[in-house]
Amino acid sequence: MIKRLFVAALVAFALPAHAELPIQKVTSPGGITAWLVEDHEIPFTALEIQFRGGTSLDPAEQRGGVNLMTALLEEGAGDLDAQAFANARDALAAHFGFSSGTDSVSISAQFLTENRDQAVDLLRLAITEPRFDADAVERVRGQVLSGIRANLKSPEAIAANSFDQLAFGNHPYGSNGDGNEMSVAGLSRADIEEAFKGAISRDRVYVAATGDIDAAQLGALLDTLLGGLPAKGAPLPKRAEWHLKPGVTVVDFPSPQSVIYFGHQGIKRDDPEFFAAYILNEILGGGRFTARLMTEVRDKRGLTYGIGSYLVPQDYAELMVGQFSSANATTAQAIDIVRAEWKRLYDNGVTAEELAKTKTYLTGSYPLRFDGNARIARILVGMQADGLPIDYAQTRNAKIEAVTLEDIAKIAKRLLKPDDLHFVVVGQPEGLPKP
Amino acid sequence: MLRKLLIPIVLGVLSVSPALADKVTTFTLPNGLEAVVIEDHRAPVVTHMMWYKIGSADEPRGKSGIAHFLEHLMFKGTKTVAPGAFSATVEAQGGDDNAFTYYDYTAYFQRVATDRLDLMMTMEADRMRGLILSEDNVTTERAVIIEERAQRTDSDPSALFGEQRRAAQYLNHPYGTPVIGWKHEAEALTREDALSFYRTYYAPNNAVLVVAGDVNPDEVRAMAEAHYGPIAPTPGLGERHRVTEPPQLAERRLAMTDPRVAQPYVIRSYLAPERNAGAQEKAAALTVLAELLGGNSTTSLLARALQFGDAPKAIYTSAYYDGLSLDISDFGFVAIPTPDTSLADLEAAVDGVLADFLKNGVDQTAFDRIKRQLRADEIYARDNVDGLARDYGSALTSGLTVADVQAWPDILQAVTPEDVLQAARDVLNRNNAVTGWLERPDAPKVEVTQ
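Going line by line, the protein sequences match chains A and B. With the first sequence counted from 1, adding 1 to any position gets you the numbering used here. With the second sequence counted from 1, adding 54 to any position gets you the numbering used here.
No lab work stands behind these hints, which were simulated from the structure alone. Any given hint could be a false lead.
To be verified - Each pair of labels, with its calculated beta carbon distance range:
(1) B:415 / A:118: 29 to 39 Å
(2) A:266 / B:116: 48 to 58 Å
(3) A:215 / B:95: 15 to 25 Å
(4) A:240 / B:280: 53 to 63 Å
(5) A:388 / B:254: 53 to 63 Å
C-beta: ideal position from N, C-alpha, C; glycine also.
Pulled out of the complex, with its shape left as it was, chain B reads as follows:
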């Protein structure tokens, strides 16, 4: 009954108003600070974010974790703001603040009532150049990041395995080093390491300001000019050039066991191109490919083949790809076996699905459905202005422009089934991949099928 009802809708074209792009304004200050203003007047709230084009992949060798450590230390005060007073002031204004570090960026944000924006800019501008660090604060905060590492990574076999896999994936590129740092290096980070990193990279010509919420772009601009305008840029900051990967000639495989493993799984990631300014088409095809293969726990290709039917081999499957990256990215899948399936059998079954896909091509109905969903996601995304702010901030610190962000939905819509198949042929090559098995030590040993 419902099925019939649905047919005309599947064929219908979803109308999307271009409302979002109209609500985004950009400007650049003479000192190089780029700014994006996103208007959303539904609630009297604003998110103020300062993104620095500096992440863990920009760290000097041997100093892994310094970008993230510095992020923590940025709350330790300036000449005019005592240690801890930054957050205390935001909280006293009824706001929330925090920060995060990733491979390509470090970002600081506050979420406050709109009329507190000026104060947020006062403080964020103050700490862009004015950080003061005492040895005591550095020592205590280093213990905090080691605890953070212990909680997030060392206590979690899956996270430890992830570090090992990335290290194998990226032989040469710093994406192979964990954001939080290798433990032995993070433990040895010093005050001078942090300050030298800070002095070079925390500068208006290396930053992107994103203000999103119930604001007027002209007022934001005036405020930004007053607070951020006087800050001197760092001279001679060049392009961000990281070392690149050598050609991968051999398939890489890892097997790790840990008694704390609850659920064994097989995971494979292939090196894959990222979104580049003015050239996002391959990334768009890979985005659709990930959706087709494993973007839905019921209808995707891997789910249908491995989780359904008389003898399912997996209880969970998924494919992933994130094209937002300054340098090369990766495309992957993960599969969790049913209790009576070995990882070898499961991996072989996944490879069977991929081979069939490469032979048979794209199912047009599934393809159309995914296109519709991607289009609708634009509507749902507008409900979360914080999310939009993050989209722009992460894109602009990952080598993309505002125009690229705004073109992305249409580029996704322009992807053809042939594009998807070609992207799959280019990327799904085991000589371009790392395959990992995570198991408990008591798991029956099975030969790796080759």
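In isolation and in its complexed conformation, chain A is listed as follows:
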């Protein structure tokens, strides 16, 4: 009865909430561009900066260099040592975050309108004149090494790292960007300087701002903040070759539960069939309770707390991967179900009802992402790094709507490779080949 009610409601609410996102493209007097959404309701600005390259710029022997360098940017700059820098930042009540990823180094900053210029000056110091003081290097190196040792004991990290190693071998994608104990121990100050010069430059920077700032103010800010950076950084990485063979790799780990990381090759973000692939994955393993993997492995059988699959279009390789945990006794059964779901989707595609519901979800939830200055700035930088047009937010839902059942059936045959799946199992699973 109420099911009907819901259908009626669906029709009544069929118009998706509109994403009002007046994005301006701002070009500074010095020629640096940024995307801006002005919102003067709260007196602060969220600024997001991304440099393409990231930890994949590391030479093999200096693995972890970009990561350590990035962590050191807030540990002293100009005439301020680590303590003085932190005191200055906190006195302004500004928030700075520096992080490195596989394909980028990211800087997130939030600062109050009333002291914006001082906050930007301080941030400029960090990204143009970092000190890399010896004591700071040793302190942060100790923290990074601690994290690396923790990863050696974390079943989730062991599973992901093993999968990457098997898939990408000696390419930077084949190892964790934090580096390993030996490579990080061996990083010299010169290595860190080199990583800095290679990773932080104007030829690879994307910028977005949201909040209490106008175009003229942002233009001036861009030149102040980024004008002094070197024009050109290190050569970007090459494409990563795929080495992973189908099968199961068990890594022994003493735990009542196994962690399973699995997948095969994926699809490029700019592939014409990307939207069909995106919907396909959403139906199979999207992060929702009604996705097929969640329904089959959790809801019907109680074999896991959560399971999902993800398209990971990176700059130099594409993956389709998933992860879950299950009791050692039920891991083999759960893996069989994942394989069967892969095959069922490959063979039969999706139903018209699944497609319609998933489209409603994806189009309805899209505008929900744009709530808050910090979130919007992050999204805008991601759009630029993905090479999307500035009006993407207005056209994206139409692209989702345009995907047909035939498109899904076609991409299922192209993307899903049930026989190619590789499962890395970290634990002591029953009924699987011993390591």
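Mind docking chain B on chain A? Use the hints.
Positioned in the frame of chain A, the structure of chain B alone reads:
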């Protein structure tokens, strides 16, 4: 150069508009349902949350985990909504939904486009009283929560150690029992356990509705009256009185080893007062104390003393305190040693820092900086309306009122260095604490220094 620039700013007073309080509206329905509406018109989005004043600390003895298990089972349907259809409907509307359980509350939420709010209320009202459970659904979902426990707790020595430490901290109060339940008890929970808990505690007079986003308070009120108004309250629901702790007379220490430990650490928690309605001053002083001692990885007292200098003993230090709790809370610190420092040496060094602090008092510059940051946090917090919704929901289910939530920033600003020092003297007493060492079995055995 920059240093000079900064001086006038440190002295300047940060101006904060009282805008947030103006955007919060409250009302109570005749059946006892309290409601809070938080307006944020920047995006056409609304978060709809139903908070129940019932958490794991309200469970009957021997039934640990039932509050959390019931939270899972609340998605298993009613007369009008099939099992799983609740989430499916939210998703079909482009929304997200989930739920969470803690010691003092259980909460359900959906995040949807504003024009779907009415439908969310229809469904949430429907399951406040109309849950239907089949034995099959209960059996399967019990396996899910056991998997959840295995993933979050049993696979993680640090989480297991946390359970042991809380059990030692709270000899008598149910805060010593894990939210997810002891494994042997969670495995034995039944359909009837869940339903009996549900029938008593899921009622409008035991709930708080929080609606945050692009909404008009009058419209929300009308909608709430239509959907939640007709639901009958549970008669005779009394005050929430849990058993209390006996005086702690002896220091408590735990040492645990596990081969899966990646990084040994020492952690200590002291019993500490919580925020109470109309009396949040001690909690405010403890909040500032935690910031001073270990709220910042570079400038806090513990970081400066133990992570910097010629022979640092720690690679990480932090102090923590959360005053949001219906009953007594705890104040603590954690420190991770450098590879050549023993836990005994590290613990002694932390105690040295605390002793110096009690002797020397509060550094005024650091104190002023923290005050400014707390003030600025109010501005940044307004960017996240979901977070604000959680602040109100958790406060109102932890014994506080809307007035307490709104007074909290000013109470924090009114804290003096003397208040902080007095709070430290009251709380930092090892006879009031549990100290834990987590190590690998192969770690060199060192005598516990006393």
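Notebook entry, point to check: Tell me, which hint numbers fail for this structure?
Noted result: Violated hints: none; all satisfied.
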